[in-house]
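What follows is each chain in one-letter form.
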Amino acid sequence: MPPLDKRIKKFIKNSLRVAPRVSNKGELAELRAALVSQYPQTRKDAIKKTIQQMTLSKDVSSLFPDVLKNIATNDVEQKKLVYLYVMNYAETHPELCILAVNTFVTDAQDPNPLIRCMSIRTMSMIRVDKILEYVETPLRRTLQDDNAYVRKTAVICVAKLFQLNKELCIELGVLEDLVSALDDANPMVVANATAALTEINAMDSSVVNLAELINSHVSQFLLALNECTEWARITILGALAEYNARDSLEAQDIIDRVSAHLQHVNPAVVLATIQVVIKNYSRTEQQNPKAFMNRLSSALVSIMSTPPEMQYVALRNIRIILEKYPEVLTKELRIFYVKFNDPLYIKIEKIDILVRLIDSTNFKQCNMLLVELKEYAMEFEPEFVSRAIQGLAQLGIKYSEEKFVAKTLDVLLELLEGHENLKDDCCVAVCDLLRHSVGNDTMANNVCSVLNSWSSVESTLTSDAAKCNYIWLMGQYPDKFTSLESKLEAFVQEFPQEEPLTQTSILMTVVRLHSKLSGNILQNVLELATNSIHELDVRDMAILYWRCLSVSDSEKLIEELCSSVSPRIENTLDQFSADVLEKLLTELSTISSILFKPKSDRNTSYVQRQYVVRGKQMDELKDIAKTEIAKTMNDDVLLDFDDDDDESNPQISGNNNALDDLDELFDFGSVPSNSANVDQGMKNLNIQTQPAKKTSNTQDLLDLF
Amino acid sequence: MVSGIYFCDIKGRPILSRRYRDDIPLSAIDRFAPLLADLEEESSVIPPCLNHRGIQYLFIEHEDLYVVALSTSLATNAAQVFTFLHKLVEALGDYLKTVEEESVRDNFVIIYELLDEMMDYGIPQITETKMLKQYITQKSFKLIKAVKKVKATARPPTGLTNSVSWRADGITYKKNEAFLDIVESINMVMNQQGQVLRSEIIGQVIVRSRLSGMPDLKLGINDKGIFTRDPETGESQVTAGKKKSSAELEDLKFHQCVRLSKFENEKIITFIPPDGEFELMSYRLTTPVKPLIWCDVNVQVHSKSRIEIHCRAKAQIKKKSVANNVEILIPVPDDADTPSFRYSHGSIKWVPEKNAILWKIRSFYGGKEYSMAAQMGLPSINGVEKPKFKRPVQVKFQIPYFTTSGIQVRYLKINEPKLQYKSYPWVRYITQNGDDYTIRLN
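Protein chains in written order, with the UniProt record's numbering: chain A, 1 to 705; chain B, 1 to 442.
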């Protein structure tokens with residue numbers, strides 16, 4: 001209940017009010033009547049109600065003429081409301097806006113800068129060529145306005161105009177005005193002009209030479225940097241990141257001038273600064289790398305105490321930076337420990353960074369992480385737990401020392417025994433560890449004795465990767481399993497229902513062990529694989545094996561095939577290829593850096609969206625809109641597809657088993673008669689099981705080939 | 001850059017939108033809700049950046065709202081977009097008190113206006129609420145100004161585009177005061193044995209400025225890295241044999257009003273403050289600290305019958321100090337019921353919606369030790385699965401007049417060149433729990 005005096009005031013106000021009220025029903029007839037009421041207050045209320053209906057996505061465009069009548073007013077608030085309405089329908093009913101053009105032109109000369117801005121801002125957004133013709137004088141005038149607030153709005157309008165009508169924009173010559181705005185005394189105008197030029201350059205790089213403009217304005221940018229809003233700083237830093245320093249001295253100078261911004265409170269400013277600093281650092285003589293790394297670390301760490309979305313951007317970017325400068329952040333491991341209230345997507349990124357960050361020569365650190373990861377593995381969010389277990393295997397392999405690997409293995413086995421639901425993940429992880437410590441018999445014994453004790457494995461394990469690994473293990477250490485044959489038989493029975501990875505693994509293991517198994521299993525699998533499987537790779541592989549086995553005097557070949565030893569895996573962390581890394585480093589803090597998809601070099605098929613309406617027929621307009629939208633969608637889909645196909649797109653997936661499988665296949669492929677087929681098969685398999693992942697192992701394999 | 005900003009309800013349906021450029025189809029936002037739903041079905045890892053048909057959906061969650069920014073370009077600066085969305089919500093908070101579905105629906109006019117002013121063509125412009133309030137005055141505007149004269153029409157304040165874009169001219173106060181709060185939040189994870197697994201101190205210096213004109217402030221603190229040279233006497237104050245009392249702060253972050261280049265070169269913190277309250281700087285320290293409030297928690301589960309919890313809390317701070325509003329939140333299984341408590345101090349209750357028991361102690365003096373015991377029944381039927389409540393014990397507290405890092409304000413000099421008034425700086429210290437002050441249960 002408001003205080004008494006307020007209530008009295010309200011009562012008096014209400015009882016004095018003569019202007020009729022507008023109901024909340026939002027009926028068009030009522031609104032229309034109210035919009036032309038003789039009482040200003042009623043009219044204003046009606047505009048508000050109209051906008052309310054508009055927000056609720058009701059079509060109130062039929063009220064346009066009536067709302068427009070209210071635009072000529074001294075009441076700034078009311079004017080704003082009308083502009084709001086007009087701006088909204090500028091998109092869907094551009095032809096109606098013609099009616100308002102005179103008011104726009106008058107308002108562009110209003111003594112109040114707020115109104116000047118509003119008018120120019122609205123005008124440059126209406127897609128009607130008739131209006132664009134009127135825009136010239138006001139735009140030119142506002143670009144030279146005394147008021148910086150108006151100028152900063154006007155420079156952006158140039159970019160809007162360019163998007164709507166490139167030719168007109170060039171013809172009017174406002175681009176020159178825009179370029180000269182880079183020399184404006186006001187830093188905000190400079191920043192907005194830079195942003196506008198960047199936009200124009202992205203639409204059509206032939207109109208302005210952005211790189212050259214940036215080159216000639218570096219000193220202005222550096223000067224403006226210290227005096228503008230945080231957003232303007234980001235724009236300016238972005239422009240500076242495009243600039244290539246002439247020599248190491250200049251690069252050093254730029255670093256010195258911007259690095260104060262590493263301490264800005266806005267994390268986006270910090271990231272933008274990091275980008276400039278990294279770019280220039282590679283050009284300096286790198287005299288004091290330690291101090292530089294410290295500076296970089298502390299800036300990155302500070303972003304970890306911002307909202308989660310920002311942390312996410314930072315974590316994905318750290319992943320990129322780490323690959324270029326692995327020495328950064330090594331002392332800050334603790335910062336990336338998971339907090340119990342972190343969102344899940346942050347927790348998972350953190351584990352990824354933790355494992356990468358660890359110094360593989362520092363036992364104490366590794367051991368600490370081991371304990372920590374074990375703790376995570378006992379939480380209850382399944383994705384998190386499974387990532388933690390994967391992390392354990394990655395950690396073990398990274399540290400690589402035998403005792404430590406054994407210790408990691410113990411942790412995994414302990415988890416395996418205590419928790420029913422972790423079996424899948426642990427099974428994959430222990431197999432990865434075994435692949436790393438090839439020939440370590442005690443470890444193999446430990447693992448096999450645990451795994452061997454499971455009954456009905458084919459239903460205990462649920463994921464494709466886990467089954468595949470289990471079967472691989474049986475193939476590698478057949479002596480350590482009891483009742484091997486019945487175990488395999490159980491898998492073979494499910495063969496047609498399994499997923500491709502498991503199928504491949506079954507096929508290989510059966511071939512490998514065929515001398516130890518009773519004859520019909522092999523026959524059975526090969527028949528199943530060739531007749532009832534639609535998966536091409538599995539089928540091709542089965543055909544190859546079959547042929548190979550049926551060739552006369554192939555004992556030696558089969559011998560080789562069955563006794564091949566997979567190479568030891570050294571690293572389970574995936575890496576970017578060099579050129580992708582370089583590209584990503586120049587794109588820090590953008591969306592492409594979060595998705596790890598660098599912008600493709602080819603001209604990003606920009607279609608100039610000529611929405612400008614020349615006819616005034618509604619139907620025509622709708623058609624234009626429809627085709628435009630359809631076109632855009634098509635473009636986008638195409639673009640998406642290209643990105644996915646990108647070879648270097650590093651999907652996180654840690655199934656190394658496929659690599660070993662490949663290796664076995666490779667042995668087989670050395671038979672000259674079949675090499676062409678195998679070549680094809682291998683390529684298929686490679687693409688199929690390892691979606692565009694380039695680890696050193698794959699590379700090795702290909703090299704061998 | 002951003003193509004449009006949308007406020008969506010908890011299900012992802014749009015409530016209010018502002019499109020800044022027309023390179024996305026009107027229907028793009030309608031895909032947001034199904035997109036979220038599809039993802040949720042697949043896994044619970046939902047990153048704040050989704051990609052669908054070449055349109056990027058960047059979003060943050062706030063109360064029962066999703067604030068979504070759409071963009072078509074991969075070159076869009078995601079860091080900028082996320083910070084902007086947070087700033088937007090913060091600014092709306094200043095206007096609407098709470099930003100939630102209902103208040104957004106009720107205040108669409110002002111939100112439209114703010115969206116218009118804060119972003120233009122997808123490029124963030126002005127987000128400083130103190131400045132925005134001077135010319136976006138929806139509610140208060142018509143009430144006060146309409147009674148006065150037409151003269152007071154809203155105009156963009158001249159300060160807006162100046163280099164001091166965060167402070168307007170002509171602010172006056174009868175009494176000129178500046179309040180400085182040093183707040184340190186401790187994040188600490190311990191295990192049940194009392195071993196500190198990690199700890200950090202996150203400090204903030206919050207200023208509430210009630211000063212007239214364009215005052216220039218200079219802050220001296222006892223950080224080793226920061227030179228607290230007194231400008232008048234030219235003497236360095238720190239090096240007077242008091243090395244022990246200086247702290248070394250890491251990861252300093254400053255509000256945009258602080259002259260960064262001056263700090264970079266001369267290590268002096270100088271600034272013209274915005275009016276009202278703001279965070280001047282923040283810092284972080286990783287020096288190990290011992291637990292200020294330590295809880296020895298002992299949980300015994302007798303499956304199928306009951307769970308027993310014993311907790312001994314100790315305030316390991318100076319005798320003279322006191323920890324206020326101490327809250328200890330101990331997790332219990334979600335199927336536990338019928339609680340019974342024994343305790344010496346404070347109050348205890350069972351919070352079923354959090355599956356925990358909450359022990360509150362209004363004031364906890366240094367060196368004191370209190371204990372409690374709780375017993376709850378467990379259902380006797382499904383005893384197969386082990387009770388899953390792997391959540392840590394959370395502790396909350398506030399300790400006034402005390403900082404863990406030992407940071408101290410040496411001086412706060414206020415100088416307004418034109419008005420030359422007398423001013424009063426006030427300093428307050430407080431140490432509290434951070435958002436992760438927890439004890440892990442085995």
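A hint or two may mislead.
What the hints assert, rightly or not - The calculated DSBU-like cross-link candidates involving lysine-lysine, where the alpha carbons are at most 35 Å apart (straight line), are: (1) Lys-10/A to Lys-175/B; (2) Lys-390/B to Lys-218/B; (3) Lys-480/A to Lys-331/A; (4) Lys-174/B to Lys-290/A; (5) Lys-599/A to Lys-556/A; (6) Lys-6/A to Lys-133/B; (7) Lys-339/A to Lys-390/B; (8) Lys-175/B to Lys-364/A; (9) Lys-374/A to Lys-290/B; (10) Lys-174/B to Lys-10/A; (11) Lys-599/A to Lys-319/B; (12) Lys-175/B to Lys-6/A; (13) Lys-133/B to Lys-9/A; (14) Lys-174/B to Lys-9/A; (15) Lys-360/B to Lys-374/A; (16) Lys-319/B to Lys-339/A; (17) Lys-174/B to Lys-331/A; (18) Lys-69/A to Lys-58/A; (19) Lys-304/B to Lys-267/B.
Everything labelled a hint here was simulated from the structure, so no lab data went into it.
* Hint check, failures only -> 2, 3, 4, 5, 8, 11, 17 and 19
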